[in-house]
Every structure is written in structure tokens, then in C-alpha cells.
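Taken in order, these protein sequences are the chains called Y, V and L. The number in the working numbering is simply the position in the first sequence, starting from 1, with 210 added. The number in the working numbering is simply the position in the second sequence, starting from 1, with 296 added. The number in the working numbering is simply the position in the third sequence, starting from 1, with 8 added.
A hint or two may mislead.
Covered stretches of chain L, going by a simulated chain Y footprint (3 or more residues, C-beta under 8 angstroms) [claimed, not checked]:
#, segment
1, 48-59
2, 103-117
3, 221-233
Honestly, the hints are just simulated from the structure, not real lab data. Only a predicted model underlies this, so the values are computations on that prediction, with no experimental measurement involved. The beta-carbon is built from N, C-alpha and C at its ideal position, and this holds for glycine as well.
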Amino acid sequence: MSTAGAASTVKERADLALNDEFLRKAVKFTTERLRNGKKQASDEHGNWDDWRERGRQIRLHTIAHLDYYLNLFADQARANGVHVHFAETSAEAVKLSLEIAQRKQAKSVVKSKSMVTEELHLNHELESIGVEAIETDLGEYIIQLAGETPSHIIIPAIHKNRYQVADLLSKEAGETLAPDTSILAGFVRKKLREKFLEADIGMTGCNFAIAETGSMVLFENEGNARMVTTVPKTQITLMGMERIIPSWSDLEVMATLLPRSATGQKLTVYMSGITGPRRDVDADGPDEMHIIIVDNGRSLQLGDPEFQELLNCIRCGACLNACPVYRHIGGHAYGGTYSGPIGAVLTPALNKNVGEWDDIANASSLCGACYEACPVKIPLHEMLIYLRRRKLEQGHGNAAESLGMKGFAAVMGSARRYSTLVKLGKLGQKLVVRDGGIRLKLGPLKGWNTYRVTPSLPKKSFRDQWGTLEQELRHGLQELDPAVKSRMEAIMRDRDSGGGNGHG
Amino acid sequence: MKVSLFITCLSDTLYPRVGEAMVKLLARYGIQLHFPTVQTCCGQPAFNSGYWKEARETAKTILDAFEDSDFVISPSGSCTGMIHHYPKLFEADSHMHARAVKLQSKSYEFTQFLVQVLGVKDLGAVFPHKVTYHPSCHGSRLLGVKEEPLELMRNVVGLELVPLPFAEDCCGFGGTFAVKMADISGAMVTEKVDHVLETEAEVLVGLDLACLMNIAGNLRYRNQPVKVMHLAELLYEGVNQA
Amino acid sequence: MANQAESHDEWLKQLAEDSKRKQESFMNGIAQKLKRPRVMEAPKHPFRGAPDFWQSFEWPLEERMDRFEENFKSAGGHVARLSDMDAAKQFIAEKAVSLSARYVIRQNQPELNELGLEEALQGTGASVRVWNSDADENWKARAAEADFGVVVADYAAAYTGSVTVLSSKDKGRSVSLLPTVMFVLIPLERLKTRLGEILIHFDEAGREQLPAGIHFISGPSRSADIENDLTIGVHGPGVVYALLIG
Numbered sequence: 211m212s213t214a215g216a217a218s219t220v221k222e223r224a225d226l227a228l229n230d231e232f233l234r235k236a237v238k239f240t241t242e243r244l245r246n247g248k249k250q251a252s253d254e255h256g257n258w259d260d261w262r263e264r265g266r267q268i269r270l271h272t273i274a275h276l277d278y279y280l281n282l283f284a285d286q287a288r289a290n291g292v293h294v295h296f297a298e299t300s301a302e303a304v305k306l307s308l309e310i311a312q313r314k315q316a317k318s319v320v321k322s323k324s325m326v327t328e329e330l331h332l333n334h335e336l337e338s339i340g341v342e343a344i345e346t347d348l349g350e351y352i353i354q355l356a357g358e359t360p361s362h363i364i365i366p367a368i369h370k371n372r373y374q375v376a377d378l379l380s381k382e383a384g385e386t387l388a389p390d391t392s393i394l395a396g397f398v399r400k401k402l403r404e405k406f407l408e409a410d411i412g413m414t415g416c417n418f419a420i421a422e423t424g425s426m427v428l429f430e431n432e433g434n435a436r437m438v439t440t441v442p443k444t445q446i447t448l449m450g451m452e453r454i455i456p457s458w459s460d461l462e463v464m465a466t467l468l469p470r471s472a473t474g475q476k477l478t479v480y481m482s483g484i485t486g487p488r489r490d491v492d493a494d495g496p497d498e499m500h501i502i503i504v505d506n507g508r509s510l511q512l513g514d515p516e517f518q519e520l521l522n523c524i525r526c527g528a529c530l531n532a533c534p535v536y537r538h539i540g541g542h543a544y545g546g547t548y549s550g551p552i553g554a555v556l557t558p559a560l561n562k563n564v565g566e567w568d569d570i571a572n573a574s575s576l577c578g579a580c581y582e583a584c585p586v587k588i589p590l591h592e593m594l595i596y597l598r599r600r601k602l603e604q605g606h607g608n609a610a611e612s613l614g615m616k617g618f619a620a621v622m623g624s625a626r627r628y629s630t631l632v633k634l635g636k637l638g639q640k641l642v643v644r645d646g647g648i649r650l651k652l653g654p655l656k657g658w659n660t661y662r663v664t665p666s667l668p669k670k671s672f673r674d675q676w677g678t679l680e681q682e683l684r685h686g687l688q689e690l691d692p693a694v695k696s697r698m699e700a701i702m703r704d705r706d707s708g709g710g711n712g713h714g
Numbered sequence: 297m298k299v300s301l302f303i304t305c306l307s308d309t310l311y312p313r314v315g316e317a318m319v320k321l322l323a324r325y326g327i328q329l330h331f332p333t334v335q336t337c338c339g340q341p342a343f344n345s346g347y348w349k350e351a352r353e354t355a356k357t358i359l360d361a362f363e364d365s366d367f368v369i370s371p372s373g374s375c376t377g378m379i380h381h382y383p384k385l386f387e388a389d390s391h392m393h394a395r396a397v398k399l400q401s402k403s404y405e406f407t408q409f410l411v412q413v414l415g416v417k418d419l420g421a422v423f424p425h426k427v428t429y430h431p432s433c434h435g436s437r438l439l440g441v442k443e444e445p446l447e448l449m450r451n452v453v454g455l456e457l458v459p460l461p462f463a464e465d466c467c468g469f470g471g472t473f474a475v476k477m478a479d480i481s482g483a484m485v486t487e488k489v490d491h492v493l494e495t496e497a498e499v500l501v502g503l504d505l506a507c508l509m510n511i512a513g514n515l516r517y518r519n520q521p522v523k524v525m526h527l528a529e530l531l532y533e534g535v536n537q538a
Numbered sequence: 009m010a011n012q013a014e015s016h017d018e019w020l021k022q023l024a025e026d027s028k029r030k031q032e033s034f035m036n037g038i039a040q041k042l043k044r045p046r047v048m049e050a051p052k053h054p055f056r057g058a059p060d061f062w063q064s065f066e067w068p069l070e071e072r073m074d075r076f077e078e079n080f081k082s083a084g085g086h087v088a089r090l091s092d093m094d095a096a097k098q099f100i101a102e103k104a105v106s107l108s109a110r111y112v113i114r115q116n117q118p119e120l121n122e123l124g125l126e127e128a129l130q131g132t133g134a135s136v137r138v139w140n141s142d143a144d145e146n147w148k149a150r151a152a153e154a155d156f157g158v159v160v161a162d163y164a165a166a167y168t169g170s171v172t173v174l175s176s177k178d179k180g181r182s183v184s185l186l187p188t189v190m191f192v193l194i195p196l197e198r199l200k201t202r203l204g205e206i207l208i209h210f211d212e213a214g215r216e217q218l219p220a221g222i223h224f225i226s227g228p229s230r231s232a233d234i235e236n237d238l239t240i241g242v243h244g245p246g247v248v249y250a251l252l253i254g
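Start from the sequences, fold in the hints, and give me the full structure.
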């Protein structure tokens with residue numbers, strides 16, 4: 211496993227990552243490039259917020275009518291000759307996948323990138339029945355060789371630099387490969403070509419599924435997903451039940467948002483819409499095609515007003531690239547299949563076990579960069595707060611913190627008690643203030659003061675001074691400009707008539 | 297017309313000079329700020345940590361304090377932003393919810409009020425220093441206060457505004473985050489201060505005292521002489537110099 | 009696990025029955041969680057497709073050509089503007105000589121049947137194979153060993169620098185995927201401005217008319233998985249020529 215393997219909490223794993231200068235540099239370098247690429251691409255495209263809103267509306271509409279659209283998709287895909295299956299749990303999805311592989315007497319499966327199969331740990335399951343599973347996306351192939359899991363939704367090997375990659379691939383090649391990107395990629399091309407041509411099954415994820423025609427759509431740059439859906443005789447696609455969009459016209463909006471948000475591209479090199487297995491007269495494409503529709507916790511979000519929008523996610527990874535926490539700790543610190551802000555919310559939400567994911571929701575400063583980056587405007591920064599609240603509601607609170615918050619409310623609930631506490635603070639701090647600052651590394655100040663000096667309380671608070679200040683002001687007050695006055699009155703009238711709420 | 301000051305607990309206890317600067321600056325335009333003393337804290341520390349019951353108890357002091365105000369002005373985009381969460385916080389209680397919606401509609405961050413409501417963009421201030429600006433996340437992203445502070449600073453004579461690299465990145469404060477995830481927060485503030493130092497600015501200015509306290513704390517820890525100021529302080533010093 | 013004695017078709021049939029049952033309970037479960045009855049009729053979808061301001065956006069032909077070229081090149085592809093099909097034939101023949109191509113595979117399309125590529129390549133050492141022209145041949149293997157793949161675009165979009173190819177008996181998916189170098193001929197009347205102008209055809213055609221494979225291609229195969237450093241030609245063709253014809 212990676213650096214994060216043995217540690218049991220997000221905090222412990224994050225601390226390991228923070229001490230891994232290698233990893234931090236690699237993650238920072240790539241997220242910065244992706245973030246800039248996204249910014250350039252969305253600026254150049256223009257009207258970005260209109261497109262985001264459109265994307266959001268399409269996703270909201272689809273999820274709100276998911277029973278209709280998913281049902282339509284399944285019927286249409288079946289009419290196209292696809293074998294459609296439904297799996298409520300990861301165990302069911304695994305069972306179906308393995309059964310197909312066994313029926314096909316498969317020796318090897320070539321896979322293109324799929325986060326759903328990561329949820330299911332499908333590679334491991336396939337190996338357990340003696341079927342070789344080969345990841346064919348370059349990044350996925352690298353981390354498969356390293357025996358790790360993806361640390362980024364779209365750049366799985368973001369935490370590796372080319373020297374580490376060269377070491378891994380050299381081992382596989384049985385000779386020393388130079389740490390040169392094109393040499394390394396050249397080796398993988400040659401190696402995987404053979405694997406594509408001999409594989410019995412091609413396995414894919416699904417970016418979007420078009421309800422009206424029963425088609426599945428894949429976005430990719432390398433051509434490996436096309437290989438996987440063109441060369442082997444059997445195709446198995448695993449899709450999350452929420453991947454649906456109604457029509458090809460809606461795909462234009464997703465195709466506008468997804469690549470720009472993910473990598474800053476106008477479109478990925480390949481966007482493929484696959485409608486059923488090969489026609490009888492065709493000379494390529496799979497003879498047999500299966501689509502396994504996976505729930506695995508997704509439907510738990512339906513009808514939950516605080517979390518239903520999670521199902522709008524199009525898995526672009528923009529929130530990871532924008533997140534200052536992700537940048538410092540990388541993906542493995544999050545401890546689940548999905549990392550970054552989306553992972554921090556999705557992991558406990560899919561598992562409905564907020565309590566077990568003890569501190570994952572705490573690994574955020576709630577800065578909102580994820581929301582700003584999200585192409586379908588999922589309010590992840592708010593969902594993190596809802597998770598923290600639910601954790602308490604379910605009785606998984608921290609006793610000391612709960613006591614502290616009760617105290618906070620008791621003090622802050624009354625201006626009198628609040629003033630008293632401030633006075634006590636001024637007395638108490640005399641013991642620890644040096645040079646107008648507090649450097650003590652004890653108790654609650656330990657972590658804070660490891661990086662900072664805490665300011666001391668001044669002699670008089672604002673409210674202590676207010677009386678004097680108010681007296682002073684009465685003398686020098688200017689006349690309010692009549693034009694300003696009437697503007698203020700207009701704002702107030704506008705507010706009363708139901709407007710004005712949206713300022714700022 | 298009643299224009300009230302929502303001082304915020306940080307400015308009240310640690311940075312009273314910011315409140316003073318605001319009060320005196322607004323007085324120059326005929327705004328006599330009213331200061332209801334029943335106010336305490338907006339409740340954000342409890343709200344963000346999931347303690348909504350406790351947050352409601354605290355938020356009630358703010359709702360009570362500004363019940364009959366027409367405009368509520370604060371020196372913090374984050375605390376004003378917290379008021380924007382009140383309708384959600386009180387969604388189960390229709391009476392309180394209505395009060396929350398009303399308060400939200402009349403709450404402004406300081407520069408927002410100055411520029412959008414008073415229409416003041418040039419205070420006639422002079423501040424001959426090299427300055428860099430950190431746009432705090434809640435104010436700029438969630439409240440949308442982006443242009444106002446920049447416009448105010450562009451009109452200050454002598455002020456040289458140096459762009460802060462990766463300005464929009466969070467400083468790592470995040471309330472209880474800075475305590476619970478101290479090392480991640482520490483890495484973030486260290487990176488922020490590295491960027492501040494890159495600008496070689498004499499002054500770092502911002503609109504949120506929590507972030508400024510965080511950044512100033514790290515600057516001081518590293519013995520860096522960069523001065524940290526709230527924009528209200530800078531403008532007030534500037535008009536006195538003019 | 010599965011009873012291997014059943015025939016494969018019987019097993020698939022059994023799976024299909026299970027699936028249909030499961031489908032009902034799945035959909036009922038969704039409706040229940042959404043706290044309303046099942047939606048059985050197509051709901052009104054007021055946000056279908058791109059925003060209104062986008063729907064009427066169109067560049068004149070000259071600009072479409074410029075933008076297509078700009079975008080395709082910036083993705084690492086090559087673009088040539090040629091006056092007619094004869095020039096396209098010459099172009100490909102010259103590349104076959106300069107790159108020492110041995111095997112060329114092309115789609116079995118009327119435009120390419122009339123092109124006369126076979127004659128043009130005579131004596132160059134390159135031979136041309138026509139996709140799926142012989143039922144007994146392993147065409148995927150033939151495409152995999154080909155140096156050149158030659159296809160005609162069904163559509164192209166200038167805004168993203170993309171070509172669209174549709175599969176059929178005579179148009180293999182492998183021809184635009186497995187060879188080292190790909191040539192795609194784009195008759196100018198097929199060059200649109202937006203993706204949406206192409207996608208709408210698939211909505212209008214409906215399920216039964218769609219081919220198994222619809223592929224949008226916007227340059228050579230690439231990856232940035234190692235240190236975000238761009239590598240060309242990872243699995244698909246590393247060299248791609250778009251020939252604008254007309």
C-alpha cells in the first residue's frame with residue numbers, strides 16, 4: 211500500500227503525507243496545472259456560470275425523475291441487445307461480474323478507468339478466481355503495478371513522479387527504462403497492445419448513459435477505452451445508477467463541462483457513444499455486451515434534501531484540484547475510493563456510516579473552493595457541515611468538544627456572560643503573554659501555536675470603548691447625502707417587496 | 297434610518313481598533329452607527345462544527361440585537377456569510393426563519409456597504425506603501441465581495457497593490473479546523489505566508505479578522521515584519537494622512 | 009456458481025428474467041425514496057440541451073475551417089487543406105512514401121472506393137486493404153498491423169476541433185483506432201460549428217437507427233498521467249492527419 215496504508219485516521223494519514231515531501235510536490239505540481247488549465251478553458255469558453263447552471267439543471271431534472279429515465283435506459287439498452295443487470299450492493303455487482311467472466315471462461319480482462327470497479331475492488335475479486343485483470347489507462351496501470359489505489363479521480367498516479375514510474379515499469383520490462391515520459395509510455399503501449407488483442411473481456415466504467423437511446427458514453431484521451439470496447443469479444447460495463455442523462459442533446463452540455471473542468475481540454479481526444487454490441491454485419495466491437503447498473507449506497511441520497519445533489523457529480527476531479535487540503539495531503543489520506551472534497555462527502559454518504567468516518571468531514575477548512583470549481587455547483591462545503599451535524603445527531607460526538615460547545619453557547623448566548631468571560635481572559639492571560647503574544651504550546655493552543663503566535667487581548671474591548679467613542683462621534687458627524695439617503699430608502703422598499711435578498 | 301454595527305466577537309475582543317476605524321470612516325459620510333450591546337458571536341464556530349443547537353442559542357443574540365435595524369454592517373465577510381446560513385439554521389421554526397430571512401436581507405460586509413450602498417469608492421486616502429491583498433474565502437466566494445476592496449484600494453493615493461500569488465487559496469484558518477487538523481492548517485498558512493513574502497509587500501490587507509489573525513500569527517512566528525491590517529484600518533489611517 | 013451444463017443462451021435468458029424483476033423493484037425503490045408515485049410518462053424537460061444563446065451560434069465556413077485547424081493542431085494533430093479528393097490521394101501517397109508505410113487499411117466507403125488510392129500507391133511498397141471486404145479475414149488483426157488507417161468523417165465540429173466517425177459493416181471502429189497513423193478526410197459540407205449540431209442527429213435518428221459505435225476524435229491519442237507531461241500516441245494513433253477537402 212501507499213504511505214497511507216497503516217494509519218487509521220485521516221489525521222494520521224494526513225500527517226504521514228505532510229511529511230512526504232515527494233508526494234506533496236508531485237500533487238501540488240499537477241493540481242496547479244490542472245487548475246490553471248480549467249480556468250483558462252472556462253474563461254475562453256465564456257458564460258461559464260450559465261453553462262454550470264445548465265449542467266446543474268439537467269442533472270437535477272434527471273435525478274428527480276431517475277425512476278423514469280433509468281427505466282427507459284434499461285429498456286432501450288436491452289432493445290439494443292445489451293444484457294442489462296441491476297446490483298443493489300457491491301457484492302451483487304461482483305457476483306454478476308465474476309459469473310460472466312466464468313461463463314466466458316475468461317483468462318484475462320482488460321479494463322479502462324472506472325471508479326465504480328474501484329468501489330467494488332473488482333480487480334482483486336477477479337484475481338481471486340484466477341482471472342487476470344489488467345488496467346490499461348496509463349495512470350491506472352502504474353498504480354496497479356505499485357499495488358496501490360488511485361489517489362485522484364482522473365489522474366490516478368498523481369502522487370508518483372517519473373523516477374518512481376520508471377522504477378515500476380523497469381521491473382515489469384525486465385530492463386532499465388529511462389525516466390523519460392515518452393519512453394515509459396512507449397513501453398506501456400507495446401506491452402498493453404498484446405494484452406488488448408488476447409483479452410477475453412473488456413471492462414469499462416460509464417461517464418454518461420443516454421436514456422432515450424440506451425447508449426453509454428465514455429470520455430478518454432488514450433484510446434484504451436476504445437480498445438476495450440472494440441477488440442475483446444465480450445464487454446462488461448459497470449455504471450453507477452445515477453450516470454443517466456436524457457438525450458444526446460444533453461450530452462453537449464456535459465461534454466462542454468466535463469473535459470474543461472477535468473483537464474482544461476475543449477473535448478477529450480475520444481468521446482465514444484456505444485449503442486449495443488456489434489451489429490451482425492460489423493467486423494469489430496463486442497459480440498456480447500453487459501451493463502451492470504450499480505446502486506451501492508447511491509439511492510440512500512435520494513429524497514434527502516441535504517445530500518441528493520451529490521448524485522449530480524460528473525466525476526471531473528475539479529474539486530480535488532481546487533482544494534487546498536487535498537493539495538497538501540493527497541488522495542490516499544482520505545482513506546476511501548473517492549478522495550478530495552467529493553470523497554470527504556461521498557464516502558460517508560454512500561456508506562451511511564458517518565460515525566465510522568470519524569474525522570473525514572473535519573479535513574476541510576470550508577473555504578468553498580470546491581463549490582466554486584464544481585461544474586454542476588454541488589455545495590460540498592455545506593454538505594461537510596451537514597455531515598458534521600449528523601455525526602453528532604447520531605451520537606458520535608467527541609465528549610470534550612461537546613462540552614466545549616455547550617460552554618460556548620452558554621457564554622455566547624448572553625452578552626453579560628460573554629463580557630465577564632472576556633474580563634476573566636484578560637486577567638488569565640497575564641500568566642502567558644510575552645511581548646503582546648502567546649507562544650505557549652499546551653492544551654488547545656498546542657497545534658495552533660506550533661505554527662503561530664496568538665495575539666493577546668487588548669486592555670479594552672470595543673464594547674468597553676463604545677461609550678467614549680459614541681460621545682466623540684456626536685460632535686463630528688457629517689450630513690447624510692440626500693441622494694445616498696434616498697438610495698438607502700429605495701433598497702429598504704425593494705427589500706420589503708420581496709427583492710433585495712440576493713445582494714452580495 | 298437605523299444603521300447598526302455588527303462588531304463580531306474577534307473585532308470586539310482582539311481588534312477593537314478595526315471597529316473604531318469603521319465607525320469613524322462611516323461617520324464622515326453621515327452614517328451614525330448604532331451599536332446594540334446584546335450582540336455576541338454569530339455562532340459560526342458551533343454551526344460549522346455541527347453543533348446547531350448551540351449555534352442557534354448564539355445566533356439568537358444577533359437576531360435580537362438587529363431586530364429593528366435597517367442596515368447591519370460588519371467587518372467580516374465570514375460572519376456576514378454566517379448570517380446567510382441563518383434561514384437554514386432556523387428552517388424548522390417558521391417565526392425564527394422569517395426573522396432570519398429578514399436579517400439576511402439587510403446584512404452587509406463593510407466594503408460591500410461602502411461601495412454598493414453609499415456609492416463611495418474613493419475616500420481620499422493616502423497610503424504610500426506596498427500592499428498585498430488576501431481575499432478571504434467566505435467573503436469573496438460565498439458572499440461575492442470581489443471587486444469592492446480592489447476598487448477602494450485602487451483609489452488610495454500612493455498605495456502600490458502587489459498581486460498575491462494564489463491569492464484565492466484558503467489561508468488554512470477554518471475555525472476549529474485549525475485546532476483539529478492543526479498540521480494541515482499549519483501547512484496551509486505556511487504556504488500562504490510564503491506567497492505573502494514573495495510579494496515583498498510591507499502590508500498584508502484583508503477583510504476578515506480570523507484569517508488575518510491566522511496569517512499574522514504565522515508571520516510573527518517566523519519573525520517576519522510584514523504588517524497585517526484590516527482594510528478599514530488602512531483606509532482610516534489613509535484619510536488621516538491625507 | 010453457475011451451472012455450466014446449461015447452454016450459454018439459456019443462462020443469458022435466466023439472467024434477463026432476473027434483471028426484469030429486479031428492474032421493477034429498483035424503480036419502485038427509487039420512487040419510494042423520492043416520496044412520490046412512479047413516473048411512467050416522459051416528464052417535461054425544460055432544460056434539454058445547451059443554453060438558448062448557444063443554439064443559434066454558427067461560424068461562417070471560412071472561420072469554421074480556421075478554428076477547426078487551430079483546435080486540431082493545438083491538440084497535436086495535423087491539418088491540410090486540399091482542393092479535391094485527388095489532392096487527398098496525392099497527400100496520402102506522398103506520406104506513404106516518406107513514412108515508408110507498408111500496410112494501409114481503409115474503410116469500404118464510396119468516396120474511398122473512387123479515390124484510387126490503390127493505384128496511387130502502386131510501386132511504393134504499400135498495399136491497401138479494404139475493411140471487411142472478405143468475411144473470412146481477421147480484420148481487427150489487419151487493422152492492428154496497419155501503418156495507415158484511412159477514414160472519411162461523417163461530421164466534424166470546428167469549436168472543439170473534432171471529427172465524428174460512425175461504425176457500420178463497411179466502416180470499422182478499428183480503422184480509426186489501431187493503425188499508427190490515421191488520415192481522416194473531411195468534406196467541407198460536413199464541417200459544423202458546434203458539437204450540438206452533430207449530436208442532434210442522433211436524437212432525431214432514434215435508437216434503432218444508431219450505429220454500435222459513434223466516435224468523436226479530437227487529435228492523436230495522448231496521456232498526461234506521468235507528471236502531467238503530455239505524451240502522444242499511448243494506445244490510439246499517435247499521428248493524425250485531418251484533410252479538409254473542398
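Now for the hints, and whether the structure bears them out:
1. 48-59: holds (count 11)
2. 103-117: violated (count 0)
3. 221-233: holds (count 13)
When the structure is compared with the earlier hints, a violation turns up for hint 2 alone.
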